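J.: Chain by chain, the residues:
There are 2 protein chains.
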Amino acid sequence: MSRPRYPDGPSHNWTLEEQYARCRLHEIGEKRLIQILTRHWKQDRGVLRALEEDCAVFRGLPDQGFWLLKIESVVEGVHFTKGTPFFLVGRKALARALSDLAAMGAIPRYAMVALAASPRLSLFALQRLYEGMERLAKAYRLFFVGGETVRSDALLITVSLLGHTPGYRPVLRCGARPGDSLFVTGELGGSFPTKHLVFEPRLREGQWLAQNRLARAMIDLSDGLASDLSQLARASGVSFELDFSKIPRRPGISLSQALQDGEDYELLFAVAPAKVSQLQKQWPFRTKLTCIGLCHPADPKASQTLDAFHGFDHFA
Amino acid sequence: MSRPRYPDGPSHNWTLEEQYARCRLHEIGEKRLIQILTRHWKQDRGVLRALEEDCAVFRGLPDQGFWLLKIESVVEGVHFTKGTPFFLVGRKALARALSDLAAMGAIPRYAMVALAASPRLSLFALQRLYEGMERLAKAYRLFFVGGETVRSDALLITVSLLGHTPGYRPVLRCGARPGDSLFVTGELGGSFPTKHLVFEPRLREGQWLAQNRLARAMIDLSDGLASDLSQLARASGVSFELDFSKIPRRPGISLSQALQDGEDYELLFAVAPAKVSQLQKQWPFRTKLTCIGLCHPADPKASQTLDAFHGFDHFA
Chain F
1 MSRPRYPDGP SHNWTLEEQY ARCRLHEIGE KRLIQILTRH WKQDRGVLRA LEEDCAVFRG
61 LPDQGFWLLK IESVVEGVHF TKGTPFFLVG RKALARALSD LAAMGAIPRY AMVALAASPR
121 LSLFALQRLY EGMERLAKAY RLFFVGGETV RSDALLITVS LLGHTPGYRP VLRCGARPGD
181 SLFVTGELGG SFPTKHLVFE PRLREGQWLA QNRLARAMID LSDGLASDLS QLARASGVSF
241 ELDFSKIPRR PGISLSQALQ DGEDYELLFA VAPAKVSQLQ KQWPFRTKLT CIGLCHPADP
301 KASQTLDAFH GFDHFA
Chain G
1 MSRPRYPDGP SHNWTLEEQY ARCRLHEIGE KRLIQILTRH WKQDRGVLRA LEEDCAVFRG
61 LPDQGFWLLK IESVVEGVHF TKGTPFFLVG RKALARALSD LAAMGAIPRY AMVALAASPR
121 LSLFALQRLY EGMERLAKAY RLFFVGGETV RSDALLITVS LLGHTPGYRP VLRCGARPGD
181 SLFVTGELGG SFPTKHLVFE PRLREGQWLA QNRLARAMID LSDGLASDLS QLARASGVSF
241 ELDFSKIPRR PGISLSQALQ DGEDYELLFA VAPAKVSQLQ KQWPFRTKLT CIGLCHPADP
301 KASQTLDAFH GFDHFA
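Keeping their order, the protein sequence lines are chains F and G. Following UniProt numbering, the numbering of the first sequence begins with 1 at its first residue and continues without gaps. Following UniProt numbering, the numbering of the second sequence begins with 1 at its first residue and continues without gaps.
FYI, nobody ran anything at the bench for these hints, they're computed from the structure. Everything numeric in this text was worked out from a predicted model, so none of it was measured. For glycine and all other residues, C-beta sits at the position ideal for the given N, C-alpha and C. Some clues are possibly wrong.
[What the hints assert, rightly or not] Sample of chain F residues lacking proximity to chain G, with all beta carbon distances greater than 12 Å (derived):
hint, residue
1, Gly83
2, Thr158
3, Thr194
4, Lys195
5, Pro273
[What the hints assert, rightly or not] Short, incomplete list of chain F residues facing chain G, as computed with Cβ under 7 Å:
hint, residue
6, Asp44
7, Val47
8, Leu48
9, Val150
10, Val276
11, Asp299
Just need the whole structure built from these sequences, with the hints factored in.
T.: Printed below as a string of structure tokens:
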């Protein structure tokens, strides 16, 4: 007997797959959702890395380095509120995408902006929003090469970025090895109510680490250290040990907040034992640099886990 | 006396610029809005074309051709309705962006998808949406290299595309010259309620025209022939003369509908007099090809205008 393509019969007729498909997004969560939607996606030979990284990485010609592509959205009610100044909304829309390029050590080159806005919005507000993006773009010599505007009730800005690593390799998430030290830039936690709007993407730090081959694996902290460190460790096939007393926290912030507040936009990276002292001696930035732990061989029994702490989930 | 930065006094105190800024987007309209927001954007030497074209075009190395970047959004209530099958929503989101690559004769290579969706949406619905994109991507050997999901009340899909013209130049909007013939593919008008959801982007036709250097200027018809032809003519600095009786219309469609319905996603292009017969003899596609008019020197008095016909405006 043929089974209906769009199931509407009683559930005992369905396969597990079909029962799962009936779930709503909030029951599945963001990470699992992305996994389900993308698990069958294939890549061609021009793609070095795609879904598992902060950005997609394309092979260039020999000696030409790599090109990177990224897409990021900010939406009213999630990444900012109705009361957030438009200048800061625009700034954050671009800064979030830049932070992902920073995490691979890439140089941002070109940006496109897709804007969904209400027809009742004033030109003045929109000009401030673009000013927020343009000010940041200018600081990093990034050029806007096009865009798209559609009408929508909620304000939503999507930025697509094209970046470059001329003459060097981007830093992936998967390069950490047992024995590597884990470092983090800046201070964590308490990014609300203001830091998440005005943070400086760690582009210069990330580029310096990539160009000097000091980071073997890197990720930017957007969902919170607990969640993002777990991702880096999983991608690299290592476990980790954190020295909780060393985790740099913003004033008045608890350990649990530093681990799971999210939206820090700092860099977390793994450094080979032979390069730790070079890193610490040569670090040329005023940005704080802290060693917070070590990588160990993957061993589910011995490994520390941070499962008790949760990062941000869009659909949970 | 210093003037307030955010004007709220009586309007006679304001500059023209400030009065203009108080306008709401629906009073300004989409084209003027984009002009205002982008008029001060500068480009670097790597950019051949940016804002004035269907896609941004980057110079490659000699003999390597050009790379193109595009961003496009579809939103519930504008490009589709609550009742549109999810498969067709996804298909349209990608097809619209592909049509812009077709208009430059480029080969689509990589795609990124930013999805804004309600947490109450089912996984089943979202899987159909992605299936609609994936089916189309497969037909054109396009690879998905990443994405982004955010929660939002309305469904909104933004696609960013990276395309390539290996060994040939993309066709710009600005290359039409007086004496050129104007051609259009397919039939126009009446794209609602169904054609706008199932149209085939004219990628093969656009690529063939670019590779054989048969089109000197090209644009895809998304806002309607009246609006898009005016754009091509303005970009090229020519005027035009249409033979209205020749404009290919879908069955039951009036001339005015064919001129301004929009969402045709056909190609409009200009062909040099010396190449017209070659084009007509060698056209290898089943897609209808029609000569609808001529380009003339720019002369505001003598020129035909289509100002009485309006294309679609997101904010009007």
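J.: So which hints don't hold here, by number, going up?
T.: 2, 8, 10 and 11
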